[in-house]
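Visitor: Sequence:
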Amino acid sequence: MASISKSYESHDVERRWSADWRAADCFAGRVNPAKTPYTIMIPPPNVTGVLTMGHVLNNTLQDILIRRARLEGREAMWLPGTDHAGIATQTVVERELRKQKINRRDLGREKFLEKVWEWRDEKGGIILQQLQALGASCDWDRTQFTMDPRYSKAVLSVFVDLFQKGQIYRGKRMVNWCPASLTALSDEEVIMKPAKGLLYEVRYERVDAPGQFITVKTTRPETIPGDVAIAVHPEDPRYASWIGKLVRRPLGPSAEIPIIADAAIDREFGSGALKVTPAHDKVDFEIGQRHQLPALDVLTAAGVLNELAGSELAGMERFAGRKKAAELLKESGALVKEEPYDNNVGYSERADVPIEPRLTWQWWLKYPQVEAAKAVVRDGVIRFHPERWAKVYLHWLENIQDWCISRQLWWGHRIPVWYRKGLDKEALTAADLADPQKVHVSLAGPTDPSDWVQEDDVLDTWASSWLWPFATLGWPDQEAMAKAGHAYFYPTNTLVTGPDIIFFWVARMIMAGLEYTPADAPIEQRVPFRDVYFTGIIRDAQGRKMSKSLGNSPDPLDLIAKYGADGLRFGIVSIAPQGQDIRFQEDRIEGGKNFCNKLWNACRFRQMSGAMADNSSLAAVVARLDGPKFDADDHAILDRLLATTRAVDQALANFEFSNAVQALYGFFWNDFCDWYVEVSKAKLLEAATKDSCLAIQDLVLRQTLALLHPFMPFITEELWRLLGYGAEGTFLMRDVRIEDSSALMTEFANHGVQLDFAAATEVSQLKELTSKIRAFKADNGEAAKKDSELVVEASAEQWAVLELNLAKLKRMLGAASISRGELSPNASACVTACGTWNLIRQLNAGDAVAEKARLTKESEALAKHIAGTAARLGNEAFVSKAPPAVLDGARKQLADLKAKHAEVARLLSALG
RNA sequence: GGAUGCUUAGCUCAGUUGGUUAGAGCACCUGCUUCACACGCAGGGGGUCACUGGUUCGAGUCCAGUAGCGUCCA
1 MASISKSYES HDVERRWSAD WRAADCFAGR VNPAKTPYTI MIPPPNVTGV
51 LTMGHVLNNT LQDILIRRAR LEGREAMWLP GTDHAGIATQ TVVERELRKQ
101 KINRRDLGRE KFLEKVWEWR DEKGGIILQQ LQALGASCDW DRTQFTMDPR
151 YSKAVLSVFV DLFQKGQIYR GKRMVNWCPA SLTALSDEEV IMKPAKGLLY
201 EVRYERVDAP GQFITVKTTR PETIPGDVAI AVHPEDPRYA SWIGKLVRRP
251 LGPSAEIPII ADAAIDREFG SGALKVTPAH DKVDFEIGQR HQLPALDVLT
301 AAGVLNELAG SELAGMERFA GRKKAAELLK ESGALVKEEP YDNNVGYSER
351 ADVPIEPRLT WQWWLKYPQV EAAKAVVRDG VIRFHPERWA KVYLHWLENI
401 QDWCISRQLW WGHRIPVWYR KGLDKEALTA ADLADPQKVH VSLAGPTDPS
451 DWVQEDDVLD TWASSWLWPF ATLGWPDQEA MAKAGHAYFY PTNTLVTGPD
501 IIFFWVARMI MAGLEYTPAD APIEQRVPFR DVYFTGIIRD AQGRKMSKSL
551 GNSPDPLDLI AKYGADGLRF GIVSIAPQGQ DIRFQEDRIE GGKNFCNKLW
601 NACRFRQMSG AMADNSSLAA VVARLDGPKF DADDHAILDR LLATTRAVDQ
651 ALANFEFSNA VQALYGFFWN DFCDWYVEVS KAKLLEAATK DSCLAIQDLV
701 LRQTLALLHP FMPFITEELW RLLGYGAEGT FLMRDVRIED SSALMTEFAN
751 HGVQLDFAAA TEVSQLKELT SKIRAFKADN GEAAKKDSEL VVEASAEQWA
801 VLELNLAKLK RMLGAASISR GELSPNASAC VTACGTWNLI RQLNAGDAVA
851 EKARLTKESE ALAKHIAGTA ARLGNEAFVS KAPPAVLDGA RKQLADLKAK
901 HAEVARLLSA LG
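Here the first sequence is numbered in my numbering, starting from 1 and rising by one per residue.
Incorrect hints may appear among the rest.
To be verified - Cβ-Cβ distance ranges computed for the label pairs, FRET-style: (1) G197 x G666: 53 to 61 angstroms; (2) R854 x R544: 44 to 52 angstroms; (3) E768 x T36: 41 to 49 angstroms; (4) R646 x L394: 28 to 36 angstroms; (5) K421 x L182: 23 to 31 angstroms.
It should be emphasised that the hints constitute simulated quantities derived from the structure, not laboratory data. Please read these numbers as outputs of a predicted model, since none were measured by experiment. By construction, the Cβ of each residue, glycine as well, lies at the ideal position given by its N, Cα and C atoms.
Using the sequences and the hints, build the whole thing.
Guide: Below, the structure is given as structure tokens:
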């Protein structure tokens with residue numbers, strides 16, 4: 001067997017196991033009716049993406065769930081893939097092409113798409129390799145891409161189906177227009193940002209009464225040429241006589257526009273009058289509709305003022321146009337005032353430019369299954385963790401708006417709609433759209449393609465990823481579904497994602513899942529997942545969101561190089577409390593690495609301590625235990641092992657990942673390494689106790705490695721092999737079944753090992769004694785002294801306990817001897833209370849004075865505490881109302897305190 | 001404006017149905033190259049639990065309000 005090196009070197013270990021696991025096909029999920037499946041679909045990262053800290057957290061958690069499920073004997077399947085990310089990818093490739101002085105429009109649609117595919121084949125999906133470096137145990141052979149031909153077919157067939165069901169329609173409506181990407185966006189893709197702008201007060205002169213003006217306030221004077229009316233509230237007395245009159249538009253081609261009355265007007269804002277510009281504002285558009293007003297669009301798609309804006313503004317970019325418009329209004333005297341104004345401006349999520357409300361033809365989806373989608377979350381068929389996100393989800397569904405699913409892009413699923421040649425797309429009526437002679441909608445396309453023109457638009461990316469949980473399993477193709485094991489792996493179990501895409505993705509997947517499963521199937525079979533775990537957002541140390549532009553996001557690959565994948569995983573999980581945002585601090589990752597090293601060295605110590613015996617199975621290790629010869633430490637460490645096993649089980653069942661990590665860390669470092677391994681050093685010197693002690697170490701290490709494996713897969717697999725727990729060709733990650741605490745106890749019982757759970761009390765007393773004596777030695781500058789002569793005052797019973805543990809204590813206390821003594825009144829000696837025992841120590845005169853002061857202080861503190869407890873017990877209300885257990889606790893506490901107080905008094909008097 | 005989360009040690013955070021003297025990691029101080037580990041060991045200091053009021057025998061924990069920070073929605 002290879003010996004274990006002095007420190008853990010992650011790089012080689014990770015590379016080696018990555019390769020071995022892949023070669024042995026350890027990640028594959030296969031249909032196996034003898035096992036219960038456990039499925040996770042990865043939230044597909046953008047194909048343009050690179051690994052961020054958010055991905056590290058999210059995917060580590062998924063890998064923990066998947067690896068744990070495997071260890072529990074379930075058929076785990078984690079399906080990976082990438083999202084074609086319409087706008088993002090198209091933007092990246094366009095940028096690349098621009099460097100070569102190539103414009104997408106010059107290239108043409110087909111050639112451009114070829115370029116995108118080339119880019120994707122060459123550079124796309126790097127993130128999947130990065131996930132492999134992190135140790136993600138995805139079933140890589142199942143990797144999916146939302147633009148794969150088969151997946152695309154699923155997307156388009158859903159479009160056709162929903163169209164046929166009447167859920168999809170085409171309409172000319174106000175959309176969020178991105179003037180940079182030249183496409184419509186859904187409401188969810190618009191980010192509201194506070195902006196500092198100017199509010200312009202502009203006056204419009206009455207046509208029939210020159211010299212009389214009505215003023216309005218606007219942030220967008222450049223759209224004045226698009227004004228078609230001024231609106232006031234019908235009950236506003238200030239304007240009662242104005243309604244129906246005409247005013248002159250103060251900018252752009254000269255025009256006279258009416259003053260109209262509309263109840264939607266806010267009388268409190270500005271002068272109570274609103275300029276109505278239906279082409280450039282959603283509210284104005286609605287007012288325009290109510291009053292049959294035209295919409296004058298003064299902007300081009302790219303956000304440049306057009307000829308309708310008038311010769312002075314035409315050709316100007318919208319923000320320059322705004323400035324110019326203000327100047328022109330000033331010159332003509334129409335600008336009354338200009339003041340700073342804070343408001344919220346919608347930005348395009350992708351292009352990060354202000355969006356423009358714009359009237360365009362788009363495809364819209366009336367969401368299916370809205371009520372059912374509410375019910376499954378409300379009724380707990382799907383459980384959100386933390387639960388509070390359910391409220392956010394339900395609120396969105398309550399106020400749901402139709403989804404604009406068309407995008408004016410090339411990269412994406414081209415909408416399977418064909419228009420009869422020669423038809424004016426912009427002039428189609430609802431009847432036209434329903435007429436198969438004029439509009440053809442199908443997967444296959446028309447049989448006479450030359451007579452038709454296909455829709456240019458593609459679908460919103462989310463209109464493909466909302467099918468992810470089942471389209472990745474071959475749906476709707478029966479043969480592909482059978483091959484992928486759809487019937488076995490669907491529905492999936494857990495979704496791990498960020499709350500930022502609860503609307504984009506989670507809600508839509510639930511609706512799609514419900515829509516595309518048989519309505520008569522049990523509801524548990526129709527939802528796409530049962531549990532949704534929402535991670536927190538990783539922020540930098542200052543609490544800012546990590547972003548490329550701020551450059552405040554560490555590169556996870558650098559962190560892997562520095563701390564190891566396991567260190568990174570362990571560290572990030574340890575700082576990821578349930579559902580709270582996370583402030584990233586690199587020292588926590590360093591802590592993860594240090595823990596790896598600790599684990600490594602504890603195993604190294606085991607290897608150096610004695611020959612390896614049969615570790616090949618739990619039964620084999622347990623058979624080596626010599627139960628009847630266990631001392632208190634043996635009982636206690638196994639007791640703690642069982643408790644830790646239970647704590648981890650429970651934490652994982654509740655998605656409390658950081659609690660699981662904390663339980664393992666505390667157990668292994670403090671209970672095992674700092675205490676049990678230290679007491680082992682004496683036990684290993686005795687032939688009588690050596691073998692059983694080594695067996696206990698083997699047992700603890702075995703169980704700890706299994707419990708830790710989901711969190712730190714590489715180092716645990718390596719140590720598993722090095723310590724002989726698994727034979728060549730077998731893997732901890734694939735071939736091992738983790739035991740829960742009751743299985744461990746059964747195994748112990750089978751081999752005649754009966755744990756004494758009371759031993760923990762004795763051990764905690766020994767720990768207190770040890771710690772007190774060490775503190776005493778440290779106080780006296782004897783911390784490193786190896787040959788202290790210690791005298792302990794103890795009753796016969798107490799001494800009997802100490803005697804059993806003398807060898808261990810001597811070693812840990814640096815004592816040449818520990819003997820029993822009695823305190824006699826003598827100014828040069830005193831005792832220190834060490835839990836149940838007292839340490840007698842010799843003092844010189846000066847130290848005696850200090851000791852007296854110390855004891856006096858302690859006595860006073862005790863007296864104060866006693867008074868408090870006594871007062872509590874003296875309170876009749878407390879005695880009559882508190883539960884018996886609490887009452888007993890208080891009484892016992894008082895008795896203990898009094899005993900301690902008396903003891904301190906005795907020591908004081910002994911000091912003279 | 002509505003919703004929601006947070007405020008506990010110098011920092012980042014735990015603290016499960018209310019119950020002894022509120023915990024961890026890091027940082028800090030002291031000592032130690034002890035035959036697994038200095039990526040370590042031992043010892044130590046450090047907290048009016050944001051504020052105000054209420055409920056209760058008892059509040060970090062429950063309720064109401066206030067302030068500050070954050071997020072989502074409009």
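Visitor: None of the hints should be skipped; say for each whether it holds.
Guide: Hint check:
1. G197 x G666: 53 to 61 angstroms: holds, 54 angstroms
2. R854 x R544: 44 to 52 angstroms: holds, 49 angstroms
3. E768 x T36: 41 to 49 angstroms: holds, 46 angstroms
4. R646 x L394: 28 to 36 angstroms: Given range 28 to 36 angstroms: holds, Cβ gap about 35 angstroms.
5. K421 x L182: 23 to 31 angstroms: Holds: the Cβ-Cβ distance is about 25 angstroms, inside 23 to 31 angstroms.
In terms of the numbered hints stated before, the structure departs from none.
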